[in-house]
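Asks: Respectively, the protein sequence lines represent chains D and P.
Going by numbering that gives the first Met the number 0, the first sequence opens with residue 0, and the numbers climb by one from there.
Going by numbering that gives the first Met the number 0, the second sequence opens with residue 0, and the numbers climb by one from there.
A few of these clues could be false.
[Stated by the list, open to error] As a list, the in silico BS3-like pairs of lysine-lysine whose alpha-carbon atoms are at most 27 Å apart: (1) K36(P) - K70(D); (2) K36(P) - K217(D); (3) K674(D) - K603(D).
[To be verified] Looking from chain P toward chain D, a few residues come up when the C-beta cut is under 8 Å (computed): (4) G4; (5) Q23; (6) Y30.
Derived by calculation from the structure, the hints in this document are not laboratory data.
All C-beta atoms in this analysis are idealised placements derived from N, C-alpha and C, irrespective of residue type, glycine included.
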Amino acid sequence: MSLSRRDFIKQLAAMSALTALGIPTKAKADQNIDFWSKAVCRYCGTGCGVMVGVKDGKVVTVKGDPNNHNKGLLCLKGALLAPVIYAKERVTKPLIRRNGKLEPASWDEALDLTARKFRESIDKFGPESVGYYGSGQALTEETYLASKIFKAGLKSNNVEGNPRLCMASAVGGYTTTFGKDEPCGCFEDIDATSCFFIFGSNTSECHPVLFRRIADRKQSDPKVKVIVVDPRTTNTARIADLHLKVKAGNDLALLNAMAYVIFREELDDPRFIERYVHFKDNEKKTHTLEEYLRFLDDYTPEKVADLVGVTAEDIWRAGRMFGEAPASLSLWCMGANQRTRGVWANNLISNLHLITGKIGKPGSSPFSLTGQPNACGGVRDTGGLSHLLPAGRVIAKKAHRNQVEKQWGIPQDSLNPKPGLHTTALFEAMSKGEVNCLLTLCTNPAHSLPNLHKFNPGLKQCFLACIETFSDAKTLEFADVVFPPSFWVEREGVYGCSERRYALIGKAIDAPGECRDSVNILVDLAVRMGVDPKLVPYKNSEDVWNEWREVSSSTPYNFMGITRERLRKESGILWPCPTEDHPGTKRRYVRGEDPNIPADYPNKYWFYGNEDGRAVVWMRPQKPPAEPADAEYPFVLTTGRVIDHWHTGTMTNKVPEINKSFPEAYVEINDQDAKRLGVQNGDNVELISRRGAMVFQARVGDVCNPGLVFVPWFDPDRLINELTIDAIDPGSKQPEFKICACKVRKV
Amino acid sequence: MAITGIILHTLGEKTDAVRAMVEQSDDLQFYGLHEEKHLVIVGEMPSRELKRRLEGLEKTDGVLAVYTTFVNTEDEQ
Numbered sequence: 000m001s002l003s004r005r006d007f008i009k010q011l012a013a014m015s016a017l018t019a020l021g022i023p024t025k026a027k028a029d030q031n032i033d034f035w036s037k038a039v040c041r042y043c044g045t046g047c048g049v050m051v052g053v054k055d056g057k058v059v060t061v062k063g064d065p066n067n068h069n070k071g072l073l074c075l076k077g078a079l080l081a082p083v084i085y086a087k088e089r090v091t092k093p094l095i096r097r098n099g100k101l102e103p104a105s106w107d108e109a110l111d112l113t114a115r116k117f118r119e120s121i122d123k124f125g126p127e128s129v130g131y132y133g134s135g136q137a138l139t140e141e142t143y144l145a146s147k148i149f150k151a152g153l154k155s156n157n158v159e160g161n162p163r164l165c166m167a168s169a170v171g172g173y174t175t176t177f178g179k180d181e182p183c184g185c186f187e188d189i190d191a192t193s194c195f196f197i198f199g200s201n202t203s204e205c206h207p208v209l210f211r212r213i214a215d216r217k218q219s220d221p222k223v224k225v226i227v228v229d230p231r232t233t234n235t236a237r238i239a240d241l242h243l244k245v246k247a248g249n250d251l252a253l254l255n256a257m258a259y260v261i262f263r264e265e266l267d268d269p270r271f272i273e274r275y276v277h278f279k280d281n282e283k284k285t286h287t288l289e290e291y292l293r294f295l296d297d298y299t300p301e302k303v304a305d306l307v308g309v310t311a312e313d314i315w316r317a318g319r320m321f322g323e324a325p326a327s328l329s330l331w332c333m334g335a336n337q338r339t340r341g342v343w344a345n346n347l348i349s350n351l352h353l354i355t356g357k358i359g360k361p362g363s364s365p366f367s368l369t370g371q372p373n374a375c376g377g378v379r380d381t382g383g384l385s386h387l388l389p390a391g392r393v394i395a396k397k398a399h400r401n402q403v404e405k406q407w408g409i410p411q412d413s414l415n416p417k418p419g420l421h422t423t424a425l426f427e428a429m430s431k432g433e434v435n436c437l438l439t440l441c442t443n444p445a446h447s448l449p450n451l452h453k454f455n456p457g458l459k460q461c462f463l464a465c466i467e468t469f470s471d472a473k474t475l476e477f478a479d480v481v482f483p484p485s486f487w488v489e490r491e492g493v494y495g496c497s498e499r500r501y502a503l504i505g506k507a508i509d510a511p512g513e514c515r516d517s518v519n520i521l522v523d524l525a526v527r528m529g530v531d532p533k534l535v536p537y538k539n540s541e542d543v544w545n546e547w548r549e550v551s552s553s554t555p556y557n558f559m560g561i562t563r564e565r566l567r568k569e570s571g572i573l574w575p576c577p578t579e580d581h582p583g584t585k586r587r588y589v590r591g592e593d594p595n596i597p598a599d600y601p602n603k604y605w606f607y608g609n610e611d612g613r614a615v616v617w618m619r620p621q622k623p624p625a626e627p628a629d630a631e632y633p634f635v636l637t638t639g640r641v642i643d644h645w646h647t648g649t650m651t652n653k654v655p656e657i658n659k660s661f662p663e664a665y666v667e668i669n670d671q672d673a674k675r676l677g678v679q680n681g682d683n684v685e686l687i688s689r690r691g692a693m694v695f696q697a698r699v700g701d702v703c704n705p706g707l708v709f710v711p712w713f714d715p716d717r718l719i720n721e722l723t724i725d726a727i728d729p730g731s732k733q734p735e736f737k738i739c740a741c742k743v744r745k746v
Numbered sequence: 000m001a002i003t004g005i006i007l008h009t010l011g012e013k014t015d016a017v018r019a020m021v022e023q024s025d026d027l028q029f030y031g032l033h034e035e036k037h038l039v040i041v042g043e044m045p046s047r048e049l050k051r052r053l054e055g056l057e058k059t060d061g062v063l064a065v066y067t068t069f070v071n072t073e074d075e076q
């Protein structure tokens, strides 16, 4: 029996109600389904498990997986994933640009042309003249494979991806503090904590399912406190017991001041500090606790209140709330990461946990939230960035290179020892003609890079081959070749979400037209480029997955126990997971939980990523943003997501219900500023930064602090990234999307 | 005709009566019951009447609150 469009929409309506209640769909929605297939939501880093309902070979509905961490709950974006699959903008045939237009071509034509261009560039200019730019939305297997092809097969370490734009500072924060990337806690900590410290994260809109869990926890116990640090009064801030509506860009001082309060109020944990922590400054010189305390003397709440933009009393309250709570959980996202001192912000958040011993216990953890569904899994863990090798190893270390060379069966010392170009350097090199060919997979840099006027010429100039699902992705305006990939549940593969949970996306339906699995495209292309076929002996993504498990097995990541068979049965497993009977690891660095720590290890905690087994409390000073507001550009422009849309909108703009409710980007402006400028709600205003100008409709209210304006970045017709700055964190190389100076003018 | 996802929060002892009312209504379709107090229903009514209809549901004996979760007006465009 076929479903009418109307029946289908009615099922969606029912599902939205059911998912709002946090329950899986039953009853009539199930009766019209041939089978349900398990998958992971295509959107944010929450990594909700979903069940895809298939009827007559088509996905007709999506509901939450009751057995995954989201317990059947989905946000509306996730519930409305089905129409995205059938968007009229799907690319279903290979395309080649001829006479300025992308025209259909055969697979052989597209693959041969791309292979020839890459080969010619490598032969003429060397392997560093080509690159790969991937995605936190690609499968784990796809990123692992692309990284291997470029690093081992082509000898180019120019392997980057959009996680550089969102999570690189979290990587830098974890590796400098703990010696290893990735969070130590898990989502279950939300249910056990007594203090949420939400820093630079609009969880309500960007991770709605997690936010519901946070709100449930708060409602379940009146003693649970929520501190939100955000220059906007977001929906997240509206449940806060204490909202620190800071001035954008000066919150390193706030974090140091909270540490000061914790010591002054004797809320620190001397035993934990004495056993598990040491103190370092920016020169990596080790200091004593006393020296750290003297460093903090410059950050009393009274000294920093004006700079931070909140009262000293509120900073005292925040420090006390965090320190007095039996368990504190820090959650942060782009407000901390997309900064020129993003790594330092990450360090200073972890400091609060280390000085109070609030780590490695239920409800206590520093925990970064990821923006994309597989940035942690696909890119960070498998080494899909220009300085990384798989499983936490780095290109710069000979021992690490040699380990990977052995595992990949290539000659010792054959990997290129020079780290490749990070994202903005890669696109800059393309503009300069130093990188001539780029392959992208599942990403839209012509929309998502900062300061687009600077980087788009590079896209235009180089030979650009894109493995891309949607024909309206901005980046395709620059593409020379487009390969149509299978999308989401049209092929099988693995996603790894914010909490180190890996889950399988099952193949539920066939891909349309001539679409092929990206693993297949990558292998075919590699062989045509001249990569030794023995290096890429994969028939499917499962073959790649099994190699990745082996490659990880000699490291603390250890995925050996996460077999495909288990993934098909279970709804996600948290690594490390060394054996098939291991349940996965909820909390790292804790004896009895983390399989990397022997049962007879004398101490309860072991931060084994660092040689001395101790985590680092960093003495990071306050630093201003790269481009603060000034007399000429008196406003701070910040960007972000809204609940309806996701990233560059290539998926959410395919959903009529979403597009109708949220058709275009706008600028949020504080009512005091609006009054001064004579701007009313709905008026057109021009934002002018040092890089460009753009007109938006104004939304006037109290959401933004005075002096701050906010623009969501999903809208391809209003590319706010033409105005943002490309200043980067010197450690993580992540751009400062969150802060740049601008003017506002009524038009 | 708009399609609307609706949750009715009901008093436990009156849930059955509210459900019966829903099932007798031409423009409402019952989809599920959660924790004996949340009725999941789908409404089909012109969007211009939606507000009034929801207000009517809210005043129904045994209904504590009405939440909409989804509105689709494709047919009315």
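Asks: So, for every hint listed, does it hold in this structure?
Replies: How the hints compare with the structure:
| no. | hint | result |
| --- | --- | --- |
| 1 | K36(P) - K70(D) | holds (19 Å) |
| 2 | K36(P) - K217(D) | holds (22 Å) |
| 3 | K674(D) - K603(D) | violated (58 Å) |
| 4 | G4 | holds (4 Å) |
| 5 | Q23 | violated (17 Å) |
| 6 | Y30 | holds (4 Å) |
Checked against the numbered hints above, the structure breaks hints 3 and 5 and satisfies the rest.
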